[in-house]
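Protein sequence lines correspond, in order, to chains A and B. Residue numbering for the first sequence follows the working numbering, beginning at 11 and increasing consecutively. Residue numbering for the second sequence follows the working numbering, beginning at 2 and increasing consecutively.
There could be a bad hint or two in this list.
Cross-link-like lysine-lysine pairs, in silico, DSSO-like; alpha carbons within 27 Å at most [to be verified]:
#1 A:394 x A:103
#2 A:394 x A:366
#3 A:140 x A:338
#4 A:240 x B:100
#5 A:105 x A:88
#6 A:140 x A:103
#7 A:105 x A:158
#8 B:100 x A:417
#9 B:100 x A:394
Chain A is faced by these chain B residues, among others (derived, beta-carbon under 10 Å) [said to hold, decoys possible]:
#10 66
#11 157
#12 261
Don't read these hints as lab results, they were simulated from the structure. All residues carry an ideal CB built from backbone N, CA and C; glycine is no exception.
Here is how the chains run, residue by residue.
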Amino acid sequence: MRVPKTVLAGLAAASLALTGCSTDDPEASGASAEGDGGSSAEATPAAEGQADGEWFVRADYERQLAQRDMQPEGDESKPWLQAIEPEFVDTAKYKKSGAQTLCFSNASVSNPWRVTGWITMQQQVDVYKKSGEIGEFRVSDAGDDDNKQISDIQAFIDSGDCGAIIVSPSTTATLTPAVEAACESGVPVIVFDRGVNTDCMTTFIHPIGGYAYGADGAEFLVDELEPGSKVLALRILPGVDVLENRWAAAQEIFGNSDLEVLGDEFTGGDAAKIKDIVTQYLQRGDVDGIWMDAGDGAVAAVEAFEDAGQDYPVMVGEDELSFLRKWKETGMTAIGPAYSNFQWRTPIEAAVRIWKGEQVPKEWVLPQSPVTDENLDSLLEANKDMPSLHYAKFGGEDLPGYPQAWKDRS
Amino acid sequence: MSHPATSPARTNRSAAVGRSALDLFAGGSGTVFALLIVVLVAITFLNPSFAEPPSLMAFLRNAAPLIVLAIGQYFVIVSGEFDLSVGSLVGAQVVIAAKLIDGEESRTWGVIALMLVFGLLVGLVNGLVTTLLRVPSFITTLGMLLILAGAVRLWTGGAPTGALSDSFRQWGRTGIDMPVVRQLPYALLIAIALGVAAVLLMRAPYGRTLLATGDNPTAAAFAGVRVWRVRTLAFVLSSLMATLAAILIGGFAGVSAQVGQGLEFTAITAVVLGGVVLGGGRGWVVAAMAGALTYQALERLFTQLDMPTTARPALQGVIIIAAVAYAARSRGHRPPPPAPAETANDPVPERVG
């Protein structure tokens, strides 16, 4: 208890100095993820050379970027049934007749993107309930808890009457054994959204991916901004693969460009924090472009420019409606990368196909394309009655519950 | 809590007054002002433009909601309790406002009145469950946090709908245009007004009773204080402050699904940083407000330092613990008024009395 005051004060000062210094030292900041662009004290983007890190696999990056330009197979008016470079697998062994019980282990509905998709999925299930393919739709929501999801999946296996098990994994590595156990139980397993480290499932459904998402925005900034322009990156949180991949791709592209990355900040998707951080950067100097790893709170970022009396930046948002409406209203230069929300329909379609014994793609890669100036108006028109936290590319316009189910959000 | 208890039967108003006046100096509240000045100077040193009036105003506008929350949390903590429900309440209030206003200007004031009533009810439930049903406030308000978060999710299906009107948003977003500072934020004026009101309230009989209750509820009860009423009112004040903070936060940044998340701990941290003692009975409301300002300034300093965002929470934790430890030490070395003065080479200073 007799610690001199000076020691305490010194401790605080030392810790401040220590962490302050570490920003100038790429070794130190490189310890976390692949070293974020926060080390911009040297004014040159730090991404180059560090990019091949924990969250960056060059082969995947290049494949995803290439997939953006490929023509997907299938009907263009039903993107949730399209597939890029599909390799079909035979499902005759799962062929069943009559109404089946469909089991779905959901990671959570903890953000508006998942809520939107979840509504779409339920509407799609209703269609197949009416037509007699699905008898019961059994759902467990893990509330973002890995352990709960593992026991949810086990409960489906133990019940023994699931005609198929759909899993939207909460995290990749932890859920892998649970998905493997589901595969071993002999029922068809369908994984979508985030992946798992196994290929035992009958089909893995996902849009092109995080690298393509991050690249869409970063390339747009590189194209629209003059060399030497300053870009601020806003990220939700570290350590989530889908988000880290987006940022890794952006770093790769910024690193090979003449743009200056002012910094990258974690915001938790909190609008107040986003607005505060952008305001601070504006006080320190010009910001010409904003890159975001998800569109949550993009409007708050734009408002920070308005309130500071500055010109709009070149903006990377998402296909979320509040952002699209703000974009239209202000006429700013923007792009809305989309992580195709319509993917929530596909697992239901896949289950029904499998029960019919029809082939499905082993890896079902759905198309993924951003909102641009060209399709902004038509998407806004199509979604004009939708609430602001709805996602334009939800792909449920032809379902019977449209538009009321999405309007009411329940 | 370890404050040497004065004889319960003899506690009276003037003793409470004397103690609160002494606490002003002995309560370690000086630390927070020192830290605030150090942090503000550091920010200005790193970025001289921070000291320019418009930039300072933007900082204060952003800090205002936390200051308001800290005032509310101060009342509860100084009475010896916790209020963990404020973050959820802020979130719920913003979502309610957006859903009910739905972009219609004419509904603004009606909805604000409704929000205040709702805030009052939440505070009343928190207070009565804690005091009359004797559920520890940590549990009561944790339950309220979950209830509000769950109810909002149930009501909105997980994605808030509707929109706030401009006349609602102006309180958190705009201000009075004037030269030099460019714009004097309404949020700052509201925070100052509430701060002045809180200081006056703490000097009024209620404030003295509140401090006495937090210091020693048994003694206060013997002295004729209706402890349950004093504490319930503290919870009501906290919820009302959270409602006002919600108006400012919603106004500043609009509706999002994450609004309010984690604010309860930020508010408690701010209050503790202000030298207010957990467990009650000691602390100055102005220092709690300074704690909120310091918390915001620290966040700003980290941004200015270009510090890796991953390292910030850890450093923030170190600074907060160090600051509170420092404040606690300076308090420990000052002889508490009724106890015999201890000397510096006293082997076991803690157990005097």
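Assess, step by step, whether the Cα of residue 140 of chain A is no farther than 27 Å from the Cα of residue 103 of chain A, and give holds or violated.
25 Å, holds
Is the straight-line distance between the alpha-carbon of residue 105 of chain A and that of residue 158 of chain A 27 Å or less?
30 Å, violated
Between residue 394 of chain A and residue 366 of chain A, is the straight-line Cα distance small enough, at 27 Å or below?
37 Å, violated
Next pair to validate is residue 100 of chain B with residue 394 of chain A; report whether the Cα-Cα distance is within 27 Å.
17 Å, holds
What's the verdict on residue 240 of chain A and residue 100 of chain B, does the C-alpha distance respect the 27 Å limit or exceed it?
At roughly 37 Å apart (the allowed maximum being 27 Å), residue 100 of chain B and residue 240 of chain A break the hint.
Does residue 261 of chain B hold up as a contact with chain A if the rule is Cβ-Cβ below 10 Å?
With Cβ-Cβ at 9 Å, under 10 Å, it holds.
Next pair to validate is residue 140 of chain A with residue 338 of chain A; report whether the Cα-Cα distance is within 27 Å.
At roughly 39 Å apart (the allowed maximum being 27 Å), residue 338 of chain A and residue 140 of chain A break the hint.
Tell me if residue 157 of chain B is really an interface residue toward chain A, meaning its C-beta lies closer than 10 Å to one of theirs.
6 Å, holds
Given pair status - residue 417 of chain A, residue 100 of chain B, alpha carbons within 27 Å:
12 Å, holds
Holds or violated: is there a CB of chain A closer than 10 Å to the CB of residue 66 of chain B?
Since the shortest Cβ distance to chain A is 8 Å, the answer is holds.
Are residue 105 of chain A and residue 88 of chain A close enough, with their CA atoms no more than 27 Å apart?
OK: residue 105 of chain A and residue 88 of chain A at ~24 Å, within 27 Å.
Given the hinted pair residue 394 of chain A and residue 103 of chain A, is their alpha-carbon gap at most 27 Å?
45 Å, violated
Hint compliance for this structure: hints 1, 2, 3, 4 and 7 are not met, and every other hint is.
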